[in-house]
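K.L.:
For the sequence shown, numbering that gives the first Met the number 0 assigns the number 0 to the initial residue and increments by one for each residue that follows.
Each hint can be trusted.
Here are the simulated lysine to aspartate or glutamate pairs, EDC-like style, with alpha carbons at most 20 angstroms apart:
1. 51 x 2
2. 34 x 223
3. 34 x 18
4. 195 x 217
5. 34 x 174
6. 51 x 18
7. 195 x 166
8. 34 x 213
Since the hints were made in silico from the structure, they are not lab data.
Remember, predicted model here, so these are calculated numbers, not experimental data.
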Amino acid sequence: MIEVEHITKRFHGNVVLRDATHCFQRNRTTAILGKNGSGKSTLLHVISGAYKPDSGRVLLHNEKAHVDLTQEGPEERRRVGVIRSFQEPRSYGNMTVRNVLTIGMLTRSSGRIFGNGLLKIPEAQFETPIQDALNTVNLFERADTPMKELSFGQRKLLDLAGLILADARVWLLDEPFAGVDSASAQIILSCIQCRKAESSLTIILVAHEQDLVEELSDQTVIMEDGRIVQENQISNQEPHSNSEERLEA
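Could you build all of it, start to finish, from the sequences and the hints given here?
P.N.:
Written out as structure tokens, the structure is:
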């Protein structure tokens, strides 16, 4: 599980996160909800290591150790199993889907990045897991397709395949359903549900598709003015004090 303790973050003197504290449990999916500007995306960035807090701590708890990640960047957090998807999936031009996933696996196993990705890559040892991941996200037939030919939704699915291959402890999902068609959204939903059932994942997501959030999540955390103001169990949610207003993730 991953814990944030008394996180405060300022930008140019403006307080964006105020004493945010929460423990995100293993084997649970937590959706961070709130109006625009409430601090939810900033909190996700702090957990991922993209932003360092001005005060407070980010802690990773597992069976063997309690690790303080507060001063660690994204690469170190990925190394210990905290990995994220992006609202705007990355594009790799002429690289094929298979090569993008292979380079990701090589980078995680060796710590090296192979130039522009167009060099000869020893794919054999990764062939089976990559095929399995592509099957899971319904992209197997696109394995040798250049990235520039993929749709936005297909690039989102490829991001998800990369998460599956990472064998991570914590998934941070930034708007995983945004901009995708309904069929791709259902694939993403099913993959996240199945992966959580098969492994001891902590999943934290920011999303605004209320119906998908309710189907996927075990818990919601509601943010307001940089603070976590309420926590709800999905199976037994009570109305928020401003329940008449639709929350935007």
